[in-house]
Structures are given as C-alpha cells and as structure tokens.
Amino acid sequence: MTSIAAEPPKKEIDAAWITALIKDYVATSPDNSLRNKENEKAWDEPLVGFASGDDPVFQFLKDDIGSFYYTPVEAFNLVYPGIHVAPADLSVIAFVLPHTEAIKADLRKKKDIPSEKWIRARFYGGKFIDELNKHIADILTKSGYPAVAPTNSPVKISKKYGMASQWSERHAAYAAGLGTFGLCDGLITPVGKAIRCGSVVVQIKVPPTPRPYTDHHAYCLHYAKGTCGMCIKRCPAKAVSKFGHDKTACLNQCNTTSVYAAKQFGLPKEAYGCGFCQTGVPCESKIPVKI
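Residues 1 to 291 (the numbering used here) make up the sequence shown, in order.
To be clear, the hints were calculated from the coordinates, so they are not data collected in a lab.
Quick caveat: nothing in here was measured; it's all calculated off a predicted structure.
Some hints here could point you the wrong way.
Said to hold, decoys possible - Calculated lysine-lysine pairs in the DSSO-like style (CA-CA distance at most 27 Å, straight line):
1. Lys242 x Lys156
2. Lys160 x Lys225
3. Lys127 x Lys41
4. Lys242 x Lys127
5. Lys159 x Lys110
6. Lys238 x Lys286
7. Lys156 x Lys127
8. Lys62 x Lys159
9. Lys62 x Lys263
10. Lys62 x Lys142
Let the sequences and hints guide you as you build the complete structure.
This is how it looks when you write it as structure tokens:
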C-alpha cells in the first residue's frame, strides 16, 4: 500500500502526451514479442481513449455486475488509501491492442485447436499488457500524477452474469469510447475484435473521448441487424449461441488448450488460448455495422 500527498502539478493534462507514451512503448519495446524464432510482434499500433472518473457508466457497471465491482475511485484507493479524491478528479486511460495480421491469419485457418502464434500472443502478449499498464502508471506517478493499473483482479461471481472480474479492461475501453460488445462478449472496436485491452486510473483530468454509441451492442451485426452469428459457428466448444456467451464452456475450452500448448509447443502450463470467435468473423478487424 502506498500513501502520497495529493499535489499534482496540473489539474488537466493533454491526452496527446499519454497517447504518444503508449504508442511509443508498443512500437519500441522488445517485450512486444511472441518470443518465437522469428521474434514476431504480438501487437500492432494501439487505440487510446479516455473516460472521466465520474462517468455514470462506472456506477452503472457496479450496480449491474455486483457490489464487488470497482469504480475508478475504489480501484485508485486500493493503492492510494491516503489520497482522498472525488470521482471527477480521476481519469481512466484505456487502450486497445490489435493482434497483427500474421497472428489473425494463422488462427483464421484453424477450426478446433488454436494456432501456436495465437497462444503465444495470448500468453506473452498478455504479460506485455501487464508491463505496459505498469509502465504508464509508473511514468504518470513519477510525473506527479498518482496512477494505478487495476489489472488481474480476482474473479467473483455475479448473480446476473456468473464469473466476473472486479475490474474489466473491456468495460473501461467501452466507457472510453473505443468499442461495444458482440454476441460472444468480445469488444468490437475500429480495429476489430481480435484485440486485448488495458487500462490505468490516474489522478488528473484528461478530456474524455466521446462515445459514438448509446447501445452497448451497437457494433455487433447480430444485435444491430439480426444477422451474422459467425462467432457461433467458429466456437469449437459451442460456448456461443444466439442467447450469448457460456462462460463455463468457454473456460473449459481454454483449459484444454493449455495442456495442448505445453505438450505441442513446450510453452508454460499457464499458457492457453482460443480466440476462434475473434477471427474469421466480419468484426475481426473492423466495425462491420454502418453507424
């Protein structure tokens, strides 16, 4: 736990500086890698968005998902209990990292078991996201803006949704205007659904990114047009249906891939992946709905 006197040098900061910080790290860090022989990158250039800590969507998420779900203030005070801030004094920085075309193309050809590149991106790319979150939070804090990366929170059980985390990177990205949800619960963004997200909460006001949608399913063809359903066909575990996403079946599928990844590719037992609902679908690399 850390307690810091709340004396930020400015009350508001330019979003362009933070955006450049994130994009530069993704472009130049050697850790943005699949760690294969070719040393291929895991992620292409990210999208970055911002939301105010007092955006009503965060309280809605807490009320909707469960009391265990953190608002930005609650996430911030886990690390900085000595700083008393109002929600409006905080900003949520969210970013979307798109998989490279090579990674997407590799999985697009598969039907039952994910490709090695996808599993490597899920595992090593996930570690990179944790590093990126920490990198952003550290630089902001050292610059006088206390920040926290509320990642890897324990899984809880929501009465309404089943398994749920205490802080969702995808929901932070939704709040920051970066995308809406699909039938399989993936986030559909301007660079598609074959993505991962990260976020940081910081004590500084950053102009929020406008949300160009009012419906949280606006970019999904199934919900917007009553068509598509390709993610249903792509899922080898039958974890996606017209009724939505079966999280238990999805988790079981991921667990089987960890055994395969260790045996077939010599990866750590913690490595797993799936991603069939994110590739070979109309929303893989773009928003398929015309808004």
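Out of the numbered hints, which ones does the structure contradict? Of the numbered hints given earlier, those the structure breaks are 4, 5, 9 and 10, listed in rising order.
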